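Q: These protein sequence lines map, in sequence, to chains A and B.
Each residue of the first sequence is one higher than the one before, starting from 1 at the first, in this note's numbering.
Each residue of the second sequence is one higher than the one before, starting from 1001 at the first, in this note's numbering.
Check before you lean on any hint, since a few could be wrong.
Unchecked claim - With a cut-off of at most 25 Å between alpha-carbon atoms, the simulated DMTMM-like pairs for lysine to aspartate or glutamate come out as follows: (1) K81(A) x D1038(B); (2) K1057(B) x D95(A); (3) K101(A) x E1056(B); (4) K101(A) x E1079(B); (5) K101(A) x E55(A); (6) K81(A) x E1079(B); (7) K1018(B) x D1038(B); (8) K1057(B) x E55(A); (9) K101(A) x D39(A); (10) K81(A) x E1056(B); (11) K1057(B) x D94(A); (12) K101(A) x E1042(B); (13) K81(A) x D52(A); (14) K101(A) x D68(A); (15) K101(A) x D52(A); (16) K1057(B) x E1042(B); (17) K101(A) x E56(A); (18) K1018(B) x E1056(B); (19) K81(A) x E1042(B); (20) K1017(B) x E1079(B); (21) K81(A) x E56(A); (22) K1017(B) x D1038(B); (23) K101(A) x E1063(B); (24) K101(A) x E5(A); (25) K1057(B) x D1030(B).
Hint data in this document are derived by calculation from the structure and do not stem from the laboratory.
Remember, predicted model here, so these are calculated numbers, not experimental data.
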Amino acid sequence: GQSLEQPSEVTAVEGAIVQINCTYQTSGFYGLSWYQQHDGGAPTFLSYNALDGLEETGRFSSFLSRSDSYGYLLLQELQMKDSASYFCAVSIGDDKIIFGKGTRLHILP
Amino acid sequence: EADIYQTPRYLVIGTGKKITLECSQTMGHDKMYWYQQDPGMELHLIHYSYGVNSTEKGDLSSESTVSRIRTEHFPLTLESARPSHTSQYLCASSLTGLEAFFGQGTRLTVV
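Required output: the full structure, derived from the provided sequences and hints.
A: Here it is, written out as structure tokens:
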């Protein structure tokens, strides 16, 4: 089987930086990806890592360490519109994508 | 921008009815997925496909079935709807299996 662990909630201040961690256990690991979901909406793809290291996409960055089975999503210059749920997901083989339970990000003004 | 469409967006149906949720994508992606998600909860993989005529069950036991006769089309069918099937159903597609692009979802209510 497979498992993913991420914090259920994180709170940060507008303009600050926040990191959402994700640890995973699975065989056939292919990559780790991140998604944002606002209330009532569908998940939207943010970033993926197939190799170790940091991927940067604007204010969002994602990191992967395959040896530690660990990754994180870094959000910089937080804006109120970033209040949402964030999901990490593992790709198993190159076909199956399994999601974590999600992290609810609260942003304070 | 992803082009993946789900219909209907909302559906209220009686117990015992047969329903088909439609999902189509115009990106030519081989991989497609169905997830079930209750409000504020995690996404559960119920079915996936890696190409035409290939379908697999996901990790969540489901009484639904899927078919993949054309690359762009991946419908999900419930033969006999029950109140426990009330949920949001999300369809997604992927080119590489590393990133998933989602449709807007179908909110199903079984009464």
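Q: Hint by hint, say whether it matches the structure.
A: Structure-based check of each hint:
1. K81(A) x D1038(B): Since the Cα atoms of K81(A) and D1038(B) sit roughly 22 Å apart, the hinted pair holds (cutoff 25 Å).
2. K1057(B) x D95(A): Roughly 12 Å separates the two Cα atoms, so the pair holds.
3. K101(A) x E1056(B): At roughly 22 Å apart (the allowed maximum being 25 Å), E1056(B) and K101(A) satisfy the hint.
4. K101(A) x E1079(B): Between K101(A) and E1079(B) the Cα gap is close to 29 Å, so the pair fails against 25 Å, i.e. violated.
5. K101(A) x E55(A): holds (23 Å)
6. K81(A) x E1079(B): violated (40 Å)
7. K1018(B) x D1038(B): Answer holds: K1018(B) to D1038(B) is near 21 Å, not above 25 Å.
8. K1057(B) x E55(A): Judged against 25 Å, a Cα distance of about 32 Å means the pair is violated.
9. K101(A) x D39(A): holds (15 Å)
10. K81(A) x E1056(B): The hint is violated at about 37 Å.
11. K1057(B) x D94(A): holds (15 Å)
12. K101(A) x E1042(B): holds (4 Å)
13. K81(A) x D52(A): violated (29 Å)
14. K101(A) x D68(A): holds (20 Å)
15. K101(A) x D52(A): This hinted pair holds, its Cα atoms lying about 23 Å apart.
16. K1057(B) x E1042(B): Answer holds: K1057(B) to E1042(B) is near 18 Å, not above 25 Å.
17. K101(A) x E56(A): holds (24 Å)
18. K1018(B) x E1056(B): Holds: K1018(B) and E1056(B) sit about 21 Å apart, inside 25 Å.
19. K81(A) x E1042(B): holds (21 Å)
20. K1017(B) x E1079(B): Between K1017(B) and E1079(B) the Cα gap is close to 7 Å, so the pair holds against 25 Å.
21. K81(A) x E56(A): Since the Cα atoms of K81(A) and E56(A) sit roughly 19 Å apart, the hinted pair holds (cutoff 25 Å).
22. K1017(B) x D1038(B): holds (21 Å)
23. K101(A) x E1063(B): At roughly 22 Å apart (the allowed maximum being 25 Å), E1063(B) and K101(A) satisfy the hint.
24. K101(A) x E5(A): It holds: about 7 Å lies between the C-alpha atoms, which stays within 25 Å.
25. K1057(B) x D1030(B): Answer holds: K1057(B) to D1030(B) is near 16 Å, not above 25 Å.
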